[in-house]
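Asks: Given chain A, put chains B, C and D in place with the hints provided.
Number of protein chains: 4
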Amino acid sequence: MAEIRPDGDFEARVRESFDRQKAMETIGARLTSVTPGIVEIEMDYAEALTQQHGFLHAGVISSALDSACGYAAYSLMPVDAAVLTIEFKVNLLAPGRGERFLFRGEVTKPGRTIIVADGRGYGFDADGNAKLVATMTATIMVVSGREGLKG
Amino acid sequence: MAEIRPDGDFEARVRESFDRQKAMETIGARLTSVTPGIVEIEMDYAEALTQQHGFLHAGVISSALDSACGYAAYSLMPVDAAVLTIEFKVNLLAPGRGERFLFRGEVTKPGRTIIVADGRGYGFDADGNAKLVATMTATIMVVSGREGLKG
Amino acid sequence: MAEIRPDGDFEARVRESFDRQKAMETIGARLTSVTPGIVEIEMDYAEALTQQHGFLHAGVISSALDSACGYAAYSLMPVDAAVLTIEFKVNLLAPGRGERFLFRGEVTKPGRTIIVADGRGYGFDADGNAKLVATMTATIMVVSGREGLKG
Amino acid sequence: MAEIRPDGDFEARVRESFDRQKAMETIGARLTSVTPGIVEIEMDYAEALTQQHGFLHAGVISSALDSACGYAAYSLMPVDAAVLTIEFKVNLLAPGRGERFLFRGEVTKPGRTIIVADGRGYGFDADGNAKLVATMTATIMVVSGREGLKG
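Protein chains in written order, with the working numbering: chain A, -2 to 148; chain B, -2 to 148; chain C, -2 to 148; chain D, -2 to 148.
Looking at chain A on its own, in the form it has when it is part of the complex:
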């Protein structure tokens, strides 16, 4: 995607918008890497985020993957655009087990109106061994000129 030139200070825009996502703070998610079209989010395991077997809840995994994919898309948008997820699909490949988790979103297909991004979620055990726990495909909309909607 060498032809894509991010508009303005894309990292600052992504970080500013991410910081407004209270849901990310609630689940303890941190924005650890922002490059054009690729965004990484990390978080630690917490009992408050589990499903009935003690694993990370699929919805929490989806929350982090959705934000990673959405901001990967947003990093390539014009400065005055807002980002909106239209839909996503998540495959839960393994139980959400781990001491910490990494979620990477990457733009597969940029576009003026529609951007498609794919995400992968990894769980890390105490020894730092990674396991792929989930994949996402997200369809994201570039929203322009809508009053009061930014970031």
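Think of the hints as simulated: they come from the structure by calculation, not from any bench.
You may find that some hints are simply not true.
[Said to hold, decoys possible] In silico EDC-like links for lysine to aspartate or glutamate, alpha-carbon gap of 16 Å or less: (1) A:128 <-> A:77; (2) C:128 <-> C:39; (3) D:147 <-> D:13; (4) B:128 <-> B:41; (5) B:128 <-> B:39; (6) C:19 <-> D:44; (7) A:19 <-> B:44; (8) D:19 <-> C:39; (9) A:147 <-> A:77; (10) D:128 <-> D:41; (11) B:19 <-> A:44; (12) B:147 <-> B:41.
[Said to hold, decoys possible] Residues from chain B shown here face chain A by an in silico Cβ test under 7 Å; the list is partial: (13) 17; (14) 18; (15) 20; (16) 34; (17) 35; (18) 47; (19) 54; (20) 59; (21) 63; (22) 82; (23) 84; (24) 90; (25) 91; (26) 139.
[To be verified] Some chain D residues judged to face chain C by a derived CB distance under 10 Å, without partners named: (27) 16; (28) 23; (29) 24; (30) 28; (31) 30; (32) 32; (33) 33; (34) 35; (35) 43; (36) 48; (37) 60; (38) 61; (39) 80; (40) 90.
Nothing here was measured: the structure is a model prediction, and the numbers come from that model.
Every residue gets a Cβ at the ideal spot worked out from N, C-alpha and C, and that includes glycine.
Replies: Same frame as chain A, now just chains B, C and D:
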């Protein structure tokens, strides 16, 4: 689905498992209705669960819909089975705006190994008017005889 | 969806576009019902359309469901718009068994740019008993003012 | 996936099953590569497979991607198993334009009961330049011991 006879006290089983989902407590979700193949979850708006525009985060909507669909499926499973979501797709039809939210999961296709459930999420304004904000299709697995995995 | 008023002669527009889909002719699909936001397509079983067990191939089921959902959306679009499927998800609930098949697409959420439609596919045995074989959720784009793209 | 050892002559099994898919013959699809966990299918453009704008129909793209993903999964299954697609999602990233097409399915997560595969479809112009036109994620079931169901 008249032919489906829930095994044992399905409501008690569903409630017991739901209560173990700490993520539901964290987002303030309550199990408000459990019938064979249909489960409803309700929650109030909270700033701690928002995305960057102040709407309910798509991941939070997914969390509640996933639990609603999963427990709709679980209500039809044998007493010794555990429930596991394999994958789901969410369409975000409107911003997650509302004072409170209702998430209904319903089994579309029961099965011995695979159950497919569909979910709908509604936002209610201060006057009680409902708006459809999201739909989900979830593929759920009936897990039997796996050591230490129940509910 | 009483508030949606189809633009112009929506049925003629849908039929004209459907007739240009050579793939529908190839699989023997017929447009049997066109109402605002709901479209039905029917087809007979044919050995030429099977997968390895002799059932209707999942891709053929998807072809008919995609057209049903796409034209359900198109029936609500302005006269100068073109219809484009962005993505869809199909759940194969039962083997594609039957003498003939019915595919119904219905708009769940109309919109100016994005329309979401849901579809259901049924197989009928020799006695006319129907069985739900597949469901689809499709995200469809309203394409306006793109040179040379109509219908 | 070095730890996966295909059972028996996986390529012969895949080819034998593919040859029974009449739908693949109908759309002119050829099985051009079979390695453990990765399968490629190629086909030429044909007017009989188009949608209303003259591009390859999304359903035809899905048919080829479904078979590519399904056989990628099947190549890793035990010799007595049958392959069944439970569900898939397709993103149509660009119009199905090209002189010929390549569809690659690859196993992302092997498993005893459930296998997840991802697929990519490419269109080639007259000069041989490839363009990514679609991606798929498919959830596939390993069916064992079901009377009369093989391949």
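Asks: Indicate, hint by hint, whether the structure satisfies it.
Replies: Checked hints:
no., hint, verdict
1, A:128 <-> A:77, "38 Å, violated"
2, C:128 <-> C:39, "14 Å, holds"
3, D:147 <-> D:13, "11 Å, holds"
4, B:128 <-> B:41, "15 Å, holds"
5, B:128 <-> B:39, "14 Å, holds"
6, C:19 <-> D:44, "7 Å, holds"
7, A:19 <-> B:44, "7 Å, holds"
8, D:19 <-> C:39, "20 Å, violated"
9, A:147 <-> A:77, "7 Å, holds"
10, D:128 <-> D:41, "15 Å, holds"
11, B:19 <-> A:44, "7 Å, holds"
12, B:147 <-> B:41, "29 Å, violated"
13, 17, "4 Å, holds"
14, 18, "5 Å, holds"
15, 20, "4 Å, holds"
16, 34, "19 Å, violated"
17, 35, "19 Å, violated"
18, 47, "5 Å, holds"
19, 54, "4 Å, holds"
20, 59, "4 Å, holds"
21, 63, "5 Å, holds"
22, 82, "5 Å, holds"
23, 84, "4 Å, holds"
24, 90, "9 Å, violated"
25, 91, "11 Å, violated"
26, 139, "15 Å, violated"
27, 16, "8 Å, holds"
28, 23, "5 Å, holds"
29, 24, "8 Å, holds"
30, 28, "12 Å, violated"
31, 30, "19 Å, violated"
32, 32, "20 Å, violated"
33, 33, "19 Å, violated"
34, 35, "19 Å, violated"
35, 43, "8 Å, holds"
36, 48, "5 Å, holds"
37, 60, "2 Å, holds"
38, 61, "7 Å, holds"
39, 80, "8 Å, holds"
40, 90, "9 Å, holds"
Violation of the numbered hints given earlier is confined to hints 1, 8, 12, 16, 17, 24, 25, 26, 30, 31, 32, 33, 34; the remaining hints are satisfied by the structure.
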